[in-house]
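4 protein chains.
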Amino acid sequence: QRPAELGVKIGVLPSGEFNAITDVKGVKVGHFTFIQGDNVRTGVTSILPYDGNIFQSKVPAAIYLGNAFGKLAGYTQVKELGNIETPILLTNTLAVADASKALVKYTIALPGNENVRSVNPVVGETNDSYLNDIRSFPLQPEHFAAAIDAATSGKVEEGNVGAGTGTVCFGYKGGIGTSSRKLPETLGGYTVGVLVQTNFGGNLTIDGEAIDEILEQYPYRKQILGSVDGSCMIVVATDAPLDARNLERLAKRAILGLGRTGGIASNGSGDYVIAFSTDEGLRVPYDTSSPTLTQSILSNDHMSPLFMAVIEATEEAILNSLWAATTMTGFEGRTVKELPEEEVLKILKKAGKLKK
Amino acid sequence: QRPAELGVKIGVLPSGEFNAITDVKGVKVGHFTFIQGDNVRTGVTSILPYDGNIFQSKVPAAIYLGNAFGKLAGYTQVKELGNIETPILLTNTLAVADASKALVKYTIALPGNENVRSVNPVVGETNDSYLNDIRSFPLQPEHFAAAIDAATSGKVEEGNVGAGTGTVCFGYKGGIGTSSRKLPETLGGYTVGVLVQTNFGGNLTIDGEAIDEILEQYPYRKQILGSVDGSCMIVVATDAPLDARNLERLAKRAILGLGRTGGIASNGSGDYVIAFSTDEGLRVPYDTSSPTLTQSILSNDHMSPLFMAVIEATEEAILNSLWAATTMTGFEGRTVKELPEEEVLKILKKAGKLKK
Amino acid sequence: QRPAELGVKIGVLPSGEFNAITDVKGVKVGHFTFIQGDNVRTGVTSILPYDGNIFQSKVPAAIYLGNAFGKLAGYTQVKELGNIETPILLTNTLAVADASKALVKYTIALPGNENVRSVNPVVGETNDSYLNDIRSFPLQPEHFAAAIDAATSGKVEEGNVGAGTGTVCFGYKGGIGTSSRKLPETLGGYTVGVLVQTNFGGNLTIDGEAIDEILEQYPYRKQILGSVDGSCMIVVATDAPLDARNLERLAKRAILGLGRTGGIASNGSGDYVIAFSTDEGLRVPYDTSSPTLTQSILSNDHMSPLFMAVIEATEEAILNSLWAATTMTGFEGRTVKELPEEEVLKILKKAGKLKK
Amino acid sequence: QRPAELGVKIGVLPSGEFNAITDVKGVKVGHFTFIQGDNVRTGVTSILPYDGNIFQSKVPAAIYLGNAFGKLAGYTQVKELGNIETPILLTNTLAVADASKALVKYTIALPGNENVRSVNPVVGETNDSYLNDIRSFPLQPEHFAAAIDAATSGKVEEGNVGAGTGTVCFGYKGGIGTSSRKLPETLGGYTVGVLVQTNFGGNLTIDGEAIDEILEQYPYRKQILGSVDGSCMIVVATDAPLDARNLERLAKRAILGLGRTGGIASNGSGDYVIAFSTDEGLRVPYDTSSPTLTQSILSNDHMSPLFMAVIEATEEAILNSLWAATTMTGFEGRTVKELPEEEVLKILKKAGKLKK
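Residue numbers (this note's numbering), protein chains in the order written: chain A, 328 to 683; chain B, 328 to 683; chain C, 328 to 683; chain D, 328 to 683.
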């Protein structure tokens with residue numbers, strides 16, 4: 328059972344059907360989870376904005392640098408041109424190059440891309456080296472392809488899967504989490520979906536309750552000072568017709584959701600937000616025979632409900648990642664415990680936070 | 328009594344002596360409060376990095392654009408050169424030009440500045456036009472000078488004073504608030520002080536409790552959609568020896584504190600963070616006879632505790648502004664009620680949030 | 328006679344009818360020139376994107392920071408929202424506040440703006456204090472209004488007029504200059520117009536000829552080291568349907584035109600480029616009753632000819648400002664000589680650069 | 328003979344001993360040139376800020392996005408932290424991933440880096456696919472290592488070598504070029520070195536002479552419209568003690584040098600500038616046991632001569648790349664001709680531009 332099903336209610340907006348990034352129509356997510364022997368605990372997660380040749384018909388996009396101590400690939404071209412032309416892959420820090428190459432090979436091999444000679448792969452990462460033998464480069468080229476092939480719509484697996492296989496969050500086992508919000512029709516009826524790869528620290532707060540302090544974990548010393556190489560990757564999808572400028576503004580708000588979980592975007596935490604719109608009218612054709620693009624875009628003044636939606640969905644996606652992750656033992660025999668859900672539920676109940 | 332004195336504990340770090348931006352040694356704050364007749368409810372707040380000729384000996388600084396729907400003056404030069412050369416003034420939206428001119432006149436009139444012919448005034452603003460007849464331009468040149476002259480160290484007045492006289496926050500009366508955090512000596516012993524001018528909306532959350540929802544204010548419709556011209560100005564001071572790059576990173580974290588109060592940085596909210604260091608070794612002399620500056624600066628890896636400090640101090644400063652502000656009637660007979668402190672305390676007590 | 332009429336050909340693209348920013352249909356320019364007594368040599372130049380209530384129907388825009396040692400007003404909101412809502416004023420450094428206030432007053436007084444309580448004035452500046460007693464604040468509120476009122480289409484006065492009255496460029500008398508380029512129909516047929524306020528230094532180069540070196544002015548010591556408070560304001564207008572992102576890219580290219588004249592964007596030179604599109608289909612209504620805007624925008628891949636156009640027009644506009652400016656004596660009896668046009672023509676002729 | 332030896336004098340400042348980036352003490356450059364069969368025309372160029380473990384003792388650095396239609400790796404962390412921790416590699420567009428992985432492997436294999444689990448490789452690229460079968464991924468892991476191993480101080484090979492093996496510039500054969508400038512002692516005596524990988528288009532201008540127009544190449548149609556996938560990578564080294572903020576300002580000026588050669592930073596041209604300082608006092612230790620760094624940095628006001636130096640060196644480096652490159656036949660039998668040096672010399676002589 329996910330927190331929302333247990334009565335934990337984050338924010339005021341309703342979720343979509345799956346409470347997942349895939350509630351944004353067309354978006355698909357795939358995982359390749361790699362657990363091997365005692366030391367390999369890593370993986371790959373793919374997010375496909377839609378099912379098709381993304382290079383030939385690019386999606387408007389923006390990447391926000393929450394704290395850019397990280398190795399994300401693809402930022403500069405997205406900033407300049409305002410679009411993404413490949414699936415998005417998340418993986419571990421030292422696998423960014425291999426993931427990038429896999430995306431390039433995937434793209435140039437697609438039917439219709441026979442003459443493509445320039446591709447901008449978008450790859451995010453967090454550092455899973457506490458549980459994973461990252462220096463051994465366990466991920467192989469076929470593993471990235473597998474994550475793309477595995478992408479499906481509907482329910483998304485969370486926790487110790489894909490790029491979240493070996494991550495650590497607030498000192499507990501982190502992983503992949505997802506959530507969504509759907510605006511009422513009077514505010515446009517748009518959906519905002521978020522997927523996170525959680526591997527960061529701070530002062531864990533769940534629905535306003537400072538869990539670490541209550542559990543007497545003395546979070547400050549342990550978490551902050553011990554989490555220098557953490558990170559949080561946040562991917563935001565929406566069907567709202569947003570151009571790159573407003574997608575960047577939307578991406579920027581996601582960090583407020585991270586803040587609400589007690590995250591502090593510490594020096595060593597590479598916190599990036601990748602946002603894209605699935606609106607078909609905003610696709611950018613590779614074939615540039617027409618000099619102009621005719622588009623209907625949402626105006627600035629109608630952005631605020633989307634901002635609220637992305638904050639809520641990010642907060643809940645992070646919580647979901649912690650909830651789904653389970654205790655794991657990995658590299659050099661280290662063990663990271665899962666969030667003690669029973670105790671957390673007691674705390675939330677005592678504070679009147681369980682709505683069921 | 329301020330919230331902290333009532334047992335509301337925001338975060339894990341201790342505050343400085345005054346729990347105010349003035350806990351950063353040398354920083355002074357002054358207010359000019361202008362309440363006149365039925366329609367004038369505005370003012371000016373000054374923040375002086377130190378007592379002296381700031382133009383001749385500039386302070387390292389950065390301004391972070393949380394959401395730049397606002398008229399703040401001085402951004403571009405601070406970004407380029409990394410320093411501030413005047414006191415900082417906060418005021419209402421339409422008074423930025425007058426405040427800027429006042430700062431220029433103040434600066435060129437200082438002894439030693441007889442030949443100065445270029446000044447970069449830094450002025451922040453929020454829009455108090457709900458309670459204040461902003462189109463009548465009530466503030467006069469001498470009022471800005473008065474706010475500078477009034478600057479003192481020690482205790483800082485909060486609530487309906489200075490630039491916070493007519494502001495509205497989460498549908499309640501907002502105003503000026505301030506708070507500080509002091510790091511333990513093992514983490515450098517530095518102080519971070521924050522002063523806010525609160526005039527924004529969202530989903531009010533106090534120490535993790537969703538006040539609006541509990542009080543059945545249906546915040547979404549009222550607050551978000553009704554607060555298009557809000558804003559939050561945040562001024563951050565620290566004695567930590569930070570250069571402009573790390574000051575920008577520090578400023579960026581302050582927005583996480585705003586997020587923790589339920590702020591969403593709505594489209595119409597001009598949310599800016601101005602951060603400076605008071606470290607004397609980092610002053611930038613106007614006299615450039617020496618080509619190099621020798622400085623001791625904090626390294627990136629030691630920033631995280633400061634990030635946590637600024638998040639906590641911002642969250643508490645916003646709360647303090649709401650707590651200190653009192654019900655006000657102004658322009659066109661409109662009334663904005665103060666935060667119902669008794670009810671809030673009951674909610675916090677019930678949730679186990681009062682530490683006393 | 329302007330340089331183009333004398334056979335100086337900058338670049339390969341043709342100019343518009345007036346070889347001026349006003350070749351972009353609808354754009355108007357106005358000057359208020361203030362020469363008084365021995366010491367006042369300053370003024371104001373207005374650029375109106377179109378004739379009408381710009382606040383109610385904003386134009387897409389971007390501002391590029393070439394070197395942000397300057398006091399330009401309005402940057403942050405333009406960056407966030409992607410539009411300009413007032414006429415653009417250029418003036419002297421210490422008059423930015425007064426110009427800003429004049430724009431606010433102008434805007435809130437327009438019919439239809441009775442309830443407007445927030446205005447983002449855009450004001451550029453350069454420092455004319457070598458010839459002008461800038462510390463005396465000679466410009467009065469009515470002078471800014473006069474510059475707006477004086478705005479007309481068609482031919483634009485250049486040289487010692489408006490905001491260029493007291494400026495100095497490459498050690499010679501600078502001022503206002505303008506130029507335009509018109510693309511062939513096969514490349515869209517768009518017009519790009521540029522207006523500059525020249526007050527900067529470097530190594531003067533005219534159509535590739537290093538004038539200073541040839542005239543043995545030892546430019547390095549005199550110009551660079553003596554021009555710390557210079558600046559160049561560049562305003563770019565186009566009828567191409569560009570959104571804010573591509574307008575920023577266009578603005579960025581204008582600096583290459585400055586570079587071709589020998590400008591180096593020295594530390595003290597506040598070099599800003601303000602670009603806007605006059606395309607009526609891209610106007611942003613203040614009335615936000617419709618949530619979406621339907622627009623036809625130029626795609627990234629068709630930007631290159633516009634980039635070439637803005638580089639050429641900027642180079643020629645700077646040259647035109649030098650050509651039109653005449654020797655001036657001002658503050659404290661200082662004299663700045665005009666460009667020695669006869670000698671320059673000889674140099675150009677010798678180098679084979681005169682096309683007539 | 329290089330242009331300077333033939334009497335072509337770019338700018339007013341003197342060059343260093345080798346007129347190369349290696350004039351900045353400690354900097355080394357290495358090439359791996361890969362010409363194989365009919366279709367492989369590519370390579371790798373390495374730039375080492377100094378000889379040693381760069382990860383353990385990082386150099387202050389900045390990357391400027393002239394036009395970010397490109398796949399450069401490493402940007403975001405350099406922007407956040409202000410330093411570079413690996414050698415810099417330049418290569419072809421589709422080899423960025425392999426080059427990145429090679430840098431990671433190189434770094435973690437260095438003595439002292441046994442526990443390093445996070446590396447930020449910096450790789451620049453241009454697209455050599457006109458002459459090189461880029462889709463065949465010819466470069467192998469050992470080729471990147473070879474380029475690093477080959478790095479030497481002193482004279483730098485130019486033209487069809489390393490990452491410039493298959494590039495095209497202004498329709499002629501491009502390649503690697505380098506140049507330097509040395510400031511007089513009165514201006515600090517610092518050296519600025521530039522290395523370029525030229526693969527871009529525009530309106531070729533050599534020392535102010537519009538070569539294309541004179542040679543009747545109708546450059547506009549051919550060059551601009553035909554150069555969509557070009558790019559120019561610019562690497563700037565200096566021994567001036569610059570922090571990351573002023574290194575970014577220095578990097579920004581390099582683009583003015585590109586503009587002086589007729590470059591227009593066309594839509595498809597990925598133009599990036601990577602700048603670093605070799606000053607030993609500014610090294611950033613990986614070992615963070617000391618919380619503060621004591622540094623002597625150049626003040627803003629002393630930057631202008633360095634700006635002039637980087638503009639001149641960039642212009643000359645581009646020219647040098649064209650001069651050294653020779654006619655090449657490659658992929659699909661295509662041939663790109665070298666710059667017709669004899670004709671260019673005649674043009675320059677006629678215009679009085681040869682100083683010998």
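Since the hints were made in silico from the structure, they are not lab data.
There's no promise every hint is true.
Chain copies aren't distinguished; within one or between two, either way the pair holds.
[As the list claims (entries may be wrong)] Calculated pairs, BS3-like style, for lysine-lysine (alpha carbon to alpha carbon, straight line, at most 25 Å):
#1 Lys676 to Lys355
#2 Lys352 to Lys482
#3 Lys406 to Lys682
#4 Lys677 to Lys352
#5 Lys673 to Lys355
#6 Lys677 to Lys336
Results for each hint:
Neither within a single protomer nor between protomers do Lys676 and Lys355 lie at most 25 Å apart by alpha-carbon distance, with minima of 35 Å and 45 Å respectively. Only within a single protomer do Lys352 and Lys482 lie at most 25 Å apart by alpha-carbon distance; the minimum there is 13 Å, versus 54 Å between protomers. In this homomeric assembly, Lys406 and Lys682 never come within 25 Å of each other (Cα to Cα): the closest approach is 42 Å inside a single copy and 42 Å across copies. Proximity of Lys677 to Lys352 under the C-alpha cut-off of 25 Å is found in neither arrangement, the shortest distances being 38 Å within a copy and 42 Å between copies.
In this homomeric assembly, Lys673 and Lys355 never come within 25 Å of each other (Cα to Cα): the closest approach is 35 Å inside a single copy and 46 Å across copies. Taking the shortest Cα distances, Lys677 and Lys336 sit within 25 Å of each other both inside one copy (15 Å) and across copies (18 Å).
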